[in-house]
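Respectively, the protein sequence lines represent chains A and B.
FYI, the numbering for the first sequence is 1093 to 1257, going by our numbering.
FYI, the numbering for the second sequence is 186 to 750, going by our numbering.
Simulated from the structure, these hints should not be mistaken for lab results.
Don't take every hint at face value.
Said to hold, decoys possible - Partial selection, computed: residues in chain A whose CB lies under 10 angstroms from chain B:
1. V1101
2. A1133
3. D1134
4. T1135
5. D1151
6. Q1152
7. T1218
8. D1225
9. L1227
10. I1237
11. I1239
Unchecked claim - Here are the simulated DSS-like cross-link-like pairs (lysine-lysine), alpha carbons at most 27 angstroms apart as the crow flies:
12. K1159/A - K409/B
13. K409/B - K1094/A
14. K376/B - K1159/A
15. K409/B - K540/B
16. K1159/A - K493/B
17. K1165/A - K409/B
The beta carbon of each residue, even a glycine, is placed where N, CA and C say it ideally should be.
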Amino acid sequence: MKYTLAVLVENRPGVLTHISGLISRRAFNIESIAAGPTEEADTTRITIGVEVEDEFELDQVVNQLSKLINVIKIINLTYVDSIQRELALIKVRANKANRSDLVDIVEIFRAKIVDVNRETLVIELTGEEAKIDALCEVLVDFGIIEIVRTGRIAVSRGPVPAKEM
Amino acid sequence: MRMLGAEAVIECLKAEEVEIVFGYPGGAVLTLYDALFKTNFPHVLTRHEQGAVHAADGYARATGKTGVCFATSGPGGTNLVTGIATAYMDSIPLVAITGQVGVSLIGKDSFQEADICGITTPITKHNYLVKKVQDLPRVIKEAFYIARTGRPGPVVIDISKDVFNDTLDFEYPDSVELRGYKPIFSGDASKIDLVVTELEKAKKPLLFIGGGVNISGTSEELRKFVESTGIPVITSLMGLGCIPCDSAQHLGMVGMHGTYAANMATMECDLLLGVGVRFDDRVTSLVKNFAPKAKIVHFDIDPAEVNKNVRSDFRVIGDLRWSLPLLAEKASMQGLQKWQQETGEWNKLVQEWKKEKPPASELEAAGIKPQAVIEKVSELTKGDAIIVTDVGQHQMWTAQSYTFKKQRSFLTSGGLGTMGYGLPAAIGAQITLPEKTVVLFTGDGSIMMNCQELATMADNGLPVKIIVMNNQVLGMVNQWQRMFYGKRYSHSSTKGCTDFVKLAEAMGVTGLCVTEPEKLDAILEKALKMEGPVLVEVLLPATEDVLPMVPPGGRLDQMVLGGVF
Ligand SMILES: Cc1ncc(C[n+]2csc(CCOP(=O)(O)OP(=O)(O)O)c2C)c(N)n1
């Protein structure tokens, strides 16, 4: 099963490598990992998507990560009512003939076209992973040149921040 | 006070009450060594950095204090790696200080540069790269705090050469502020009530003692609990010494080379209390067949140990110094008299196993019996010595045949199984405990891995007694090839050309040799009485096995017993 963890860490060099290294060394599979600064300057928040067999294995991931000195807190957001998003930039082939089809698709997905030239378009989309997967699939017919995705980030609904959960 | 970074390091060590440092100098740490010289700080020069780190480890295991070692940048640092990993696997408090190239040269493949933090990340509890002199006091304070608190472990501090030469206003912090590190001492006491309830219900309880008891120094508390409850005890390799090996309740070591009684009891018990153990695969064999009839209780300081290998039904997370006395107290309030009666049958059964299949010390074979060597040393030292081993058959024979009586009296690389550990670890122990008899049991393979440290031993006048169990083969490898590889002895013979007596003499250590069984006792007695360091080479037959043995992947009650049972 897939789980989403929010990991609050001290904003120090090497922490991200430490975390990703530990997870992969223990033979757990990282699905996605996204890191960035938070409302507190000295704290970084890392959102990790892991795929593990069961809760016992997840406990292991959490317990092992908790041992890292720079890890402040780990919150399992899997069962928390939360909003999950990912950002993708997709470069596709486009010409005069099919450009309007692409515009229609972009509209349906509520994506944005952020760059146009004679041969290509760049589409920007935020959404849940499934939505981004779906758009990518539709675009395959046009010819995808490249895809960049950030990996998922997640925040709980309601007033309580993860650091106080 | 204004001082150099290098001087500040020494001040920090003094503040941490460090008594001695083991190390090896080089370009990046010259200023640090200059500061050692000026302050006359106690330091032992080993002959290899691996020797320094193992010595610091042996010192830590024997005393319970934090071991400290120094090495220069690049090759000095990389030579520490095996020793750091050894300490990590056995949770030994250690601080390794390495030199790094100048700040402006870091990351440029400069001369003698290696990314020690990167290299040691998976084998340290934490590590630091110090590029600013102002950070030194805080970093060192944190490093010692991290190394010795919670589940202990090694911490590396990699310090740029510039930092040693830079100056600062030195002030040592009183406390540490680490947002992400709050080691727990006491846990949830209600969990212990649950355990006591389970204990009352159990008909066949068994205590399983591990290295955590040695590390936390809680053998006294444990003994009291065992004596008052009469629960039979099994130990892991790392737990030896915590319960006197000759006490009635002690069934011996469990696992691959465990005793018949310990392994049978594990298969039959209905409640297994694991205390400071990590359920290593050398203990459990195939996990799904481990203690199949038992509910499992796990006492550990490290939450990450829970359910890592074996799934436990109850867990008590916290320092054993908190949980063990509380367990004893709560158990004694619950009227154990009655409970002891109910488990009488069980105790009778384990005693029968103990008698029926004694440990494999009665094998018939020509020549000197390895067990006889260890038993004689055991008799001569009365369980009062610090026993150190390397890795291989001799290690297992020592674990099986020496009658350990005290905690922290057995120093061995359990988790990583590091050949070459023994000699430097014995140095570390002897230097801090000059009055103690320190005996190293090693093999003809293992001693060669760090034999350069014989010189360190002699130069420091350390009276360690080294017993080289020379079977002219890499015995444990040889045994596996005999048992599982159709006797194809691929590269497991040491050919036997090395003269260990001469090797010892060449480095300033007295050398003795025993070839005949009749002379064994007298020579061992002589060696133990002699002053100064002595190496005794004992010639053994090459075909002695370590038995019993649970073949890899087998069940604990499917031991190969062998011998004359
Ligand atoms: C550094 C290292 N290399 C290899 C091994 C694998 N190994 C385990 S036991 C052993 C043989 C040890 O031989 P020896 O020291 O002569 O002891 P004996 O088994 O004969 O008592 C070897 C090679 C190891 N444990 N450590």
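Status of each hint after checking the structure:
no., hint, result
1, V1101, "holds (7 angstroms)"
2, A1133, "violated (13 angstroms)"
3, D1134, "holds (8 angstroms)"
4, T1135, "holds (8 angstroms)"
5, D1151, "holds (6 angstroms)"
6, Q1152, "holds (6 angstroms)"
7, T1218, "violated (31 angstroms)"
8, D1225, "violated (33 angstroms)"
9, L1227, "violated (38 angstroms)"
10, I1237, "violated (34 angstroms)"
11, I1239, "violated (30 angstroms)"
12, K1159/A - K409/B, "violated (32 angstroms)"
13, K409/B - K1094/A, "violated (47 angstroms)"
14, K376/B - K1159/A, "holds (22 angstroms)"
15, K409/B - K540/B, "holds (25 angstroms)"
16, K1159/A - K493/B, "holds (14 angstroms)"
17, K1165/A - K409/B, "violated (38 angstroms)"
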